[in-house]
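Novice: All chains, full assembly: derive it from the sequences and hints.
Taking the numbering used here, the leading residue of the sequence shown gets 1, the next gets one more, and so forth.
The hints are simulated quantities; they were obtained by calculation from the structure and are not laboratory data. Do not rely on the hints blindly, as some may be mistaken.
[What the hints assert, rightly or not] Restricting the straight-line Cα-Cα distance to at most 30 Å, the calculated cross-link-like pairs of lysine-lysine (DSSO-like) are: (1) LYS114 <-> LYS30; (2) LYS30 <-> LYS113; (3) LYS62 <-> LYS114.
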Amino acid sequence: MKNRGGGFSRSGGRSPSALRPVTIELDAMKFAEGSALIECGDTRVLCSASVERRVPPFLVGKGQGWLTAEYAMLPRATLTRSRREVSRGRPSGRTAEIQRLIGRSLRSAVNLKKLPEVTVAVDCDVIQADGGTRTASITGAYVATVAALARMLLEGDLKRWPVVHSVAAVSVGICQDELLLDLEYVEDRDAQVDLNVVATGEGNLIEVQGTAEGRVFTRPEFDGLLDLALAGMLVAAPLNIHLIAVGGTGMAPLACLLRDLGHDVRGSDGPLYPPTSDMLADAGIEPLFGYDPAHLEPRPDLVIVGNAVPRTNPEAVAMEELGLPRLSMPEALDRFVLRDRKPLVVAGSHGKTTTTAMAAWVYSRAGADPGYLIGGAPIGLASGFALGGGPRFAIEGDEYNASYFDRGPKFWHYRPETVILTSLEHDHVDLYPDFEGLERAFLGLVERLPRGGLLIACADYPTVERLLPASPCRVVTYGAGSGDIRLEGPVESSERGISFELEEEGRRQRVHLGVWGEHNALNAMAVWAAARADGLGQDAVLEALATFRGVKRRLEVVGEAAGVVVIDDFAHHASEVGASLAALRQRFPGRRLVALFEPRSLSAGRLQFAADLAASLASADRVFLAPVFHRERLGEEGFDPEEVAVEIERLGAAATACGSNEELAEAVLAEARAGDVLVTMSSGSFDGMPRRLQMALQDLTLREPRQP
1 MKNRGGGFSR SGGRSPSALR PVTIELDAMK FAEGSALIEC GDTRVLCSAS VERRVPPFLV
61 GKGQGWLTAE YAMLPRATLT RSRREVSRGR PSGRTAEIQR LIGRSLRSAV NLKKLPEVTV
121 AVDCDVIQAD GGTRTASITG AYVATVAALA RMLLEGDLKR WPVVHSVAAV SVGICQDELL
181 LDLEYVEDRD AQVDLNVVAT GEGNLIEVQG TAEGRVFTRP EFDGLLDLAL AGMLVAAPLN
241 IHLIAVGGTG MAPLACLLRD LGHDVRGSDG PLYPPTSDML ADAGIEPLFG YDPAHLEPRP
301 DLVIVGNAVP RTNPEAVAME ELGLPRLSMP EALDRFVLRD RKPLVVAGSH GKTTTTAMAA
361 WVYSRAGADP GYLIGGAPIG LASGFALGGG PRFAIEGDEY NASYFDRGPK FWHYRPETVI
421 LTSLEHDHVD LYPDFEGLER AFLGLVERLP RGGLLIACAD YPTVERLLPA SPCRVVTYGA
481 GSGDIRLEGP VESSERGISF ELEEEGRRQR VHLGVWGEHN ALNAMAVWAA ARADGLGQDA
541 VLEALATFRG VKRRLEVVGE AAGVVVIDDF AHHASEVGAS LAALRQRFPG RRLVALFEPR
601 SLSAGRLQFA ADLAASLASA DRVFLAPVFH RERLGEEGFD PEEVAVEIER LGAAATACGS
661 NEELAEAVLA EARAGDVLVT MSSGSFDGMP RRLQMALQDL TLREPRQP
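Specialist: Written out as structure tokens, the structure reads:
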């Protein structure tokens, strides 16, 4: 259940999902080893942590420490004076329950075996109460405890850092059928449902106390309250976050989003280049070079690990030894960004980046203020990421594994409310040796949709259609030949892009798009379906599609020199190569099309895909093949470029297999002539081939074009 927002009036105009102002003053007491005064609105709690050189009898001689807590409320912390509990001889049941809760919460955060035989006794005294005293006590007690342990470490009384999790707590509830975060006293008093939630900084639950005060509550309401609480705690507590492999295509924008959320962000990686290096620099994040355990100092509250990081990475090893909290990139997106949003997840073997960028563009131009994270650099948007203020968050759903400690696909973490499923073909053979394994990953994504969600699926793929019965929600199909939304008639091309007609419920609509290729017409149909389902105006959607200019490295025109157009394209799968070349034929009719292909990814260089790749490349007029990038790793599973070149020539196109990228560049320049369209195709840098060719062409006088 999602918080509707706006139905319940709160003091100060606070929104249902907003916290009261939170401040924490350290060293609030002179003599305590650690202390903190926490203020949550008008609730104030003084927390002190004292280190006593003894342990309870049951731990004597066990070589470990103990942690306990006491809770009390001052007589005039409330509107009327209450008697001190000491005058009644024993604490009330409520007080006993709260202090046990505080103790349990703190012990979940500390490895007691890393303490010497001492007891850390934490006192939480409520100075002023206006709701949320127990949750404020837990958060303040954690801060005081960490301060005390840090003092012990500095003074040499601790040999190993014992804190394994950060801890915070918050209240949530339902008032007048509205989900509310951080209840004030009057809200807590009148709440129909009341929950107190204690969690770690990674968003894992420690304890949940829930009560039906005025009515029972449903499972969706319970899930909504948990999401609201966890999102509130993550926003409330700025963290020091370190990202291992911060320069990844998903990690860099994530780092920037975390910075925008107010967290202190740092990270490490190898040499970085634009656009990633520029993206991080613009966000004020200066990556540390290389991987070194020293980069984990000062000690971060959380480490986020990129999916290309092996468990043997020096920083990953140090992280494990130190017991630092860790998350994979998709887990972090889930915890910090996607909770309480409506994720639009674009998944499929092809077209994810372009379709996600198109959705972000359309929703932005239509005034929906979406959040988004795109694994590329969209043309026209300020960057490939934004928090946005609207309910929608568009994200590229990658089926690759999340991390070395989470081998499931990334998109399982993305809480899909709507899924666009563009295609499904065998890829990532290193992770999915058989197609059935890949299919199960996508099946898991479909099954994660809520009953009130939406699945938008391309009917042109039988592999996609097989997944549709598993959808728990409404399904809308689209395609060139069939579907609820169908491509009717030819896709027409002009200098400004393409135009086509789609048919939906017996009505036809002419669509203009600022990019080329039938595959992009299909991508636009999927975005059309999502935008219209969200109530965006038809005219606004059409105007936005007409002005969409694509993504860098997706059929991007790098430049023109000596009458030769140089294009850079990310295509690396046979189907993508075929679609890109068809789009270029459409955009540059009558010109000689020269394809330069680098088998960069582990799938692109595999023998099992060689025949399909040759068939796709043969649609060019001239083909140059670079060496297989992962030749040694693939071994006998890799193809021989010479054999692929022979097959391409058998299919009707001239082809040459080159021994190096340098040899390839020289061969291309030696044959280039005015009127050529050169397209470089690689999932990697291709040694900067597009720019190198463009610069070299500026100094050449080329032969006149002739018919291919």
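Novice: All the hints need checking, so say for each whether the structure fits it.
Specialist: Structure-based check of all given hints:
1. With a C-alpha separation of about 27 Å, the suggested pairing of LYS114 with LYS30 holds against the 30 Å cut-off.
2. At roughly 28 Å between alpha-carbon atoms, LYS30 and LYS113 fall within 30 Å of each other, so this suggested pair holds.
3. For the given pair, LYS62 sits about 12 Å from LYS114 by alpha-carbon distance, which is consistent with the 30 Å threshold.
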